[in-house]
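Novice: Assemble chain W onto chain S, guided by the hints.
Keeping their order, the protein sequence lines are chains S and W.
According to my numbering, the first sequence holds residues 153 to 749 in order.
According to my numbering, the second sequence holds residues 153 to 749 in order.
Just so you know, these hints were derived from the structure itself, not from any lab.
As the structure is a prediction and not an experimental result, all values here were calculated from the model.
Any given hint could be a false lead.
One copy or any two copies: either way a pair holds, since identical chains are not told apart in the list.
[As the list claims (entries may be wrong)] Mimicking DSS-like on lysine-lysine, the simulated pairs with C-alpha atoms at most 27 angstroms apart in a straight line are:
#1 644 x 300
#2 299 x 377
#3 377 x 488
#4 438 x 533
#5 645 x 299
Number of protein chains: 2
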Amino acid sequence: MPTYRAPVADTLFVLNDVLGYARHANLPGFSDAGPDVLEAILGEAARLAEEVVQPTNRIGDIEGCARHGDGSVTTPAAFKDAWRQYREGGWLGLAVPADFGGQGLPYTVHSAVGEYFSSANMAFTMYPGLTQGAIAAILAHGSDEQKKAYVPKMAEGAWTGTMNLTEPHCGTDLGLLRTRAVPAGDGTYRISGQKIFISAGEHDLSENIVHLVLARIEGAPEGVKGISLFIVPKFLPDASGDPGARNAVSCGSIEEKMGIHGNATCVMNYDGATGWLLGEANGGLKAMFVMMNEARLGVGMQGLAVGEVAYQNAVAYARERLQGRSLSGPKEPDKKADPIIVHPDIRRGLMTMRAFNEAGRALVLWTALQSDVAHRSGDDKERQAADDLLGLMTPVIKGVLTDKGFEHAVMAQQVFGGHGYIEEHGMSQFVRDARIAMIYEGANGIQALDLVGRKLALNGGRAVQAFFKEVGEFCEANRADEKMVPFTKVLKKGLNDLQAATMWLLQNAMQKPDNAGAASTDYLHLFGLVALGYMWGRMVKAAQQKLGEGGDAAQLCEAKLVTGRYFMERVMPETAAHLARISTGADTMMALPAEAF
Amino acid sequence: MPTYRAPVADTLFVLNDVLGYARHANLPGFSDAGPDVLEAILGEAARLAEEVVQPTNRIGDIEGCARHGDGSVTTPAAFKDAWRQYREGGWLGLAVPADFGGQGLPYTVHSAVGEYFSSANMAFTMYPGLTQGAIAAILAHGSDEQKKAYVPKMAEGAWTGTMNLTEPHCGTDLGLLRTRAVPAGDGTYRISGQKIFISAGEHDLSENIVHLVLARIEGAPEGVKGISLFIVPKFLPDASGDPGARNAVSCGSIEEKMGIHGNATCVMNYDGATGWLLGEANGGLKAMFVMMNEARLGVGMQGLAVGEVAYQNAVAYARERLQGRSLSGPKEPDKKADPIIVHPDIRRGLMTMRAFNEAGRALVLWTALQSDVAHRSGDDKERQAADDLLGLMTPVIKGVLTDKGFEHAVMAQQVFGGHGYIEEHGMSQFVRDARIAMIYEGANGIQALDLVGRKLALNGGRAVQAFFKEVGEFCEANRADEKMVPFTKVLKKGLNDLQAATMWLLQNAMQKPDNAGAASTDYLHLFGLVALGYMWGRMVKAAQQKLGEGGDAAQLCEAKLVTGRYFMERVMPETAAHLARISTGADTMMALPAEAF
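So here's chain S without its partners, still in its complex pose:
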């Protein structure tokens, strides 16, 4: 059975020593979670994730969800108690404003503990995750009445949320959607249509389910400009705000999927269901994107989280499994064989995963901090700069962390040899679960297009220029520090490749947009490498300083230096290959007629 230990010490190192969490004490919520409280929160989340949530992961995969004749859906039996404890701990409303029943703590803290829960059980953690996304959309675009009616119930986990975008013929291209909304004359709408792939669409964990549904109001313009967002609760709130009459929405079936079996993926049928407009008519896409952006960061986190737990189990197996002898002579001569962690190729896998995970964690937390600054700072300029970075990093985190999280789950499975392929050890589940994160909330190809086609040019390239400047200045500022040179030299090379690729896009994609599409995925990963490399630069710098000061963190800091060096030596060389591919453009890629394939 797989195990899990939340990386609390690493999270604290990143927050306190690398990102200077304490410097943000002036932002609302941060003073409620000063260093001591932060450590206590992480510790408590770790305990819940390790002892309560993680043990439900494998059995949840086996049992899965079931739809019954009456359209009801049951989740794995073990989820009930875990859900109760998760709710009672107040984890769902951690970062929700206190006015709406939450604790108002930083989004950064929410992100830090979010990793632990997703590592412990990704399918389970989707239930609160989707609810948090729906809360964000209601808070951003709902009326005061809507906020009051829904958010407190959702923040305590009494009600959960969903997002309803996809239809059978309509995935990425939301302009094609057909679900209809007809004004009922009383301010409500009658919603009719079918939505598919609705995670947590129907289940037995909460008293009510708040569906956020994209639909087209009668007579609305065609395409994405005619889409509106609606709140469609499973049970209509009664006069006292409790679940009342059943709404005309039901689960038609649940999908048989490769993984995340513990989460019910539903076909939802809306048969004239009552819905309330959320935000403006025909402004649904904008409103949905609040939820979507938050969800994309959450999905990126899932990639990291599953990669991390898979890595931990690979380490444990590599330490235990005796097979063969070290190439440099027996390491445990009293045993029949050495543990396989002595073999360089096993190390290669472990170090690759470790180097990525630690930088990924830093990138997620750094970006979460931008989100807090963007939403809570009183300084306009600071807020704008943070919001720029948040928007820029969202597709990078979603795309890169999920592509790599999956790749690393596969790598961890490989460490187990044949034992990784049988379901018993749980490594197959990590691979099957991680796979969806590359697809949902906008397939990674869409993330790449978002970065290249939107984020890059936004406001005259302000965000990307600021990022290049920050990374460049970091390299420059550490040029005189000879212990930093091995790191900054490689980082600078990566930045140069990224800037060259950006320049190539500026020169070649304007007149020929296919060149942007042809470059997009390579550009996304090139960007990710530089962002992760920058995180390594900052972590190494912090580790060197901490080591200089002495203290009890020596082992963690020494390991940081080694792991950072590994990232520079073994991961960063990929930037040149990405640049080379980008520079070849779209001509060859697009040359074959469709029928020649």
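Specialist: For chain W alone, coordinates are given in the frame of chain S:
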């Protein structure tokens, strides 16, 4: 439901136009399968694979295998008729010598059709595949009596074969194996022990199952030098050679696996079972390697085969699925949206898979031809050269084609978006099935070590030098051909990177073997890129010649030029990254103490 079309035209192009199949007519067996017969055989195999075997793939995944209370195992119901037709077509014994009931045709032809069957149903095709491996081992090491008793029955598929290596504590490191063999005094042995992960260990397709079992004869030396190979049939042959008394071997359980559900993966218990020594006492490893090497080529083929069928289904979906508009303006303005094949990032996936699959097919067939020459040529020198290349390419084909085959199944699944994640479309199955090929028959890390630690230095590096010479001369010979320059230039650059990596190993791995281990996987893939790039060079050359001659193959040849260019532009840049990683050595990788992970 997924579909499949066997790539007969491409196979014929590679065999006839690229590899000069007809030039080998002097080798035994080749004259029985001249160009016309070859085409007829491929066509008939294609029909069987497409119409009979492929339709059993998805239902075989769903139904899986079941073990019953009496230890018997049933395969998916649909497999029975497919197996009957496969047997009746004589496909199992295609390349088995006519003296032993086969057709004695070239191994090259066997490989060509083997791809089709593995694409159609990988789990199903493992039953004959393992049988063919067992036949090879018996032919190479068996006594005349053993050959006569087993091979004809196996060549017609009345009996099937297995290979029994792995034990719970003993996978890669066969020296640890504990299964015992005690001489019974009558020339037979009593075999006792437990074997795990035995593919096709017990099933209902054949009348008898011939287990080849590694075991340790009482008093044998420790480690791999004390291992012998035994023939242990499920039913002991009676006086007339038919299945007689039940042997003391039974299936204790079957594994629940990530994929290849149609193939029974068994725990096999040997309780004093009667066995016959195959080959020499304590020479088991050598005997098993005959089977293993053949199996490794077969597994590499599986990677290619699943990648190919996944690619084909991604193409079909990309042509059909309407979503979004081309970046260069609507391509099908009369429809609500364009087919997604117009989007560059979708093309990127399709072209990457295509460029790899076509080169992979060529590499497999080129290597199969080496096998035929090595085994059938009358010329010692020619035989040795071919055997050198065969040995060199075996780990490359196994490791690279399975790593990439899996990666491409994932890529193909991604084209389907959310529809790829649900089991209904069959894309998940391709991913789950392809995953095992990276693990069994020696995990890919072991293939990399075989290449770097054994094959490279064998006979003073004779094989690798010959390969470098061949590729170098190809580049040189085409230097004056300006249409070839864009290809040979990139190929030469890749060859230079590979030679530099080889030189680095020579200089750094002798005194420090960990440097070889640390380089191994990158070196394997670097080698694979150059080998595949060389295949592209030769395919492009052949296509250009054929285009110059006119004729009806223009579309195929034009597509070859485009696809070859794509490989050079988009895939080959990776060689530099591999070289950069290799050159960093083992120091950082090995620096952390095991307990620091």
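Novice: Run every hint past the structure and note whether it holds.
Specialist: Status of each hint after checking the structure:
no.: 1; hint: 644 x 300; in the structure: neither (50 angstroms within a copy, 68 angstroms between copies)
no.: 2; hint: 299 x 377; in the structure: within (25 angstroms within a copy, 75 angstroms between copies)
no.: 3; hint: 377 x 488; in the structure: between (69 angstroms within a copy, 15 angstroms between copies)
no.: 4; hint: 438 x 533; in the structure: within (23 angstroms within a copy, 72 angstroms between copies)
no.: 5; hint: 645 x 299; in the structure: neither (49 angstroms within a copy, 62 angstroms between copies)
When the structure is compared with the earlier hints, violations turn up for hints 1 and 5 and for no others.
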